[in-house]
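Go by the hints and put chain B onto chain A.
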Amino acid sequence: MRIEVSQRAMAGRQDGAVLRGVPNKITARAVNVHYGAKRALTDINLDIEENRVTALIGPSGCGKSTFLRCLNRMNDTIDICRVQGLIELDGEDIYAKTIDTVQLRARVGMVFQKPNPFPKSIYDNIAYGPRIHGLAQRGPEMDEIVRSSLERAGLWNEVKDRLREPGTGLSGGQQQRLCIARAIAVSPEVILMDEPCSALDPIATAHIEELIDELRENYTIVIVTHNMQQAARVSQKTAFFHLGEMVECDDTEEIFTTPRDERTQGYITGRYG
Amino acid sequence: MNREHIVRSFSEELRRLTTLITQMGGIAEAQVETAVRAVAKRDTGLATGVMQSDARLDQYERDIDAEAIRMLALRQPMAGDLREIVSSLKIAADLERIGDYAANIAKRAMVLAQLPPVRPAGAIPRMGKLVQEIMKEVLDAYIDRDLDKAIAAWRRDEDLDDLYTSLFREVLTYMMEDPRNITPCTHLLFIAKNLERIGDHATNIAETIHFLVVGHSLKAVRPKGDTSSFALVNPADAPPPPGDDAAEP
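For the record, the sequence lines run as chains A and B.
Take the first sequence: its position 48, counted from the start at 1, is 80 in my numbering, and no numbers get skipped.
Take the second sequence: its position 168, counted from the start at 1, is 187 in my numbering, and no numbers get skipped.
If we strip away everything but chain A, and leave its shape as in the complex, we get:
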């Protein structure tokens, strides 16, 4: 039985689309990342399945955030960072010369650890992206994007009467949902979340987690979290990173009940050295 599961998982890694009926949105093959001379990631092979939440867990410095940032080429902004290997979005190499990183980041949006709304009105926080990407200018068309983005982020009812007030005046949890709404506004396909709840209280966290679960219907989500219970609650797949390696990736349920690798077991049960 154990062998059967691992064979299935291995097969899934090679050809998830055929075997599981869930196509891979992103595939990473032999990804290596260096910061200067220091190697941050070693030969990462990972498939991110479409319309699923994939959680990346692991101790600080294990490379999970680095990997996340590879997926929309955020690491390009770091001079000393060098990315090798192949990362495909819908079968297209995102590090190819023909790829426009601005367009890529519109397709692969990102939400950060600390809510970082622009110092603008709530309305303009949302409208900014669609405007620069030319999705809409002013008027009813933009109003509609703002409304639907805020609705999908579960924030509309709380802010609909104060759209002209500054986004920075919202509570932490509301700000984070504003950032998610801002990411959604440009109609991305993938949303990357780097510790989106670590600065939030449990209620705000619950709102974000509920939101993640709803967003999964339309988006592929990759979330980095230090909170193992959160990974267990929100994700369908979990990948465990350790010292720059991807140790194990499997269905979340498997990882948290029957991890195969000693290191995974040690980390999630709090025995990690």
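One thing to keep in mind: the hints can contain errors.
With a cut-off of at most 20 angstroms between alpha-carbon atoms, the simulated DMTMM-like pairs for lysine to aspartate or glutamate come out as follows [said to hold, decoys possible]:
hint, chain 1, residue 1, chain 2, residue 2
1, B, Lys238, A, Glu285
2, B, Lys238, A, Glu286
3, A, Lys146, A, Glu82
4, A, Lys192, A, Asp175
5, B, Lys148, B, Glu103
6, B, Lys109, B, Asp119
Covered by chain A, per the in silico footprint, the following chain B stretches (three or more residues, Cβ under 8 angstroms) [to be verified]:
hint, stretch
7, 92-101
8, 115-123
Honestly, the hints are just simulated from the structure, not real lab data.
Everything numeric in this text was worked out from a predicted model, so none of it was measured.
Each residue gets a CB set at the ideal place from its N, CA and C atoms; glycine is no exception.
Coordinates of chain B only, in the frame set by chain A:
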């Protein structure tokens, strides 16, 4: 996973839980042993002791439940720890049931002691011995986290079922032979059934140990030896009684 938790008190709590299960297992084992001895020796004193001690097992189950629930709520265990805690809940429930069966055997031992002895009573210690062996093996397997031992015990339950089926037939024959045997034989039948059920709970524990160690349940279908549900003994086919003095005191 031998490494200690970073939070040491968690490791200590898990150890305490294992100790509670081990102690409870020891008591359940002793209860079964004493109950069977009470039947064999027609000793009402032993039987009374078993009936009184059952409350201890109930208390152990409540303690283990409380401890496990507390740990689930406060520690949010994962992986091996989670399996450890969930397993302790299940094993405690099985041991508690085993205790109930032992108490019931003791009760019937009291009744049997008032009645003239019947020959099939001789088969009870044999069944009891096998049950005790299985229980011991299962509890050792729990302490050592020994998968092979658990599976071996799990397979032995088949022998117990066979013994039960043959005793069932024998008892029926005695009842047909002389209606005065019906009361003691019925009690014997229930005692045998209780022992057979104890064996089933012991195999449940073996299956739980499998889950605890490996992470998924034992998939194979256990060979079922208890065919007494289909047993039919016609008076005409009944073998001649082993001896005419069988029912005589």
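Taking the hints in turn, this is what the structure says about them:
1. A C-alpha spacing of about 19 angstroms is found between Lys238 of chain B and Glu285 of chain A, which places the hinted pair at or below 20 angstroms, so the restraint holds.
2. Restraint check: the Cα-Cα separation between Lys238 of chain B and Glu286 of chain A comes to about 17 angstroms, which is no more than 20 angstroms; the hinted pair holds.
3. A threshold of 20 angstroms between alpha carbons decides the hint, and for Lys146 of chain A with Glu82 of chain A the separation of about 26 angstroms lies outside it, so the pair is violated.
4. Taken as a hint, the Lys192 of chain A and Asp175 of chain A pair is honoured in the structure, with Cα atoms around 11 angstroms apart against an allowance of 20 angstroms.
5. With a CA separation close to 29 angstroms, the supplied pair Lys148 of chain B and Glu103 of chain B exceeds the 20 angstroms bound.
6. The hinted pair formed by Lys109 of chain B and Asp119 of chain B meets the criterion: a straight-line CA distance of about 16 angstroms does not exceed 20 angstroms.
7. With 7 residues bearing a CB less than 8 angstroms from a CB of chain A, the stretch 92-101 of chain B meets the requirement of three and the coverage assertion stands.
8. Counting residues of the stretch 115-123 of chain B whose CB falls under 8 angstroms from any CB of chain A gives 0; the rule of at least 3 is not met.
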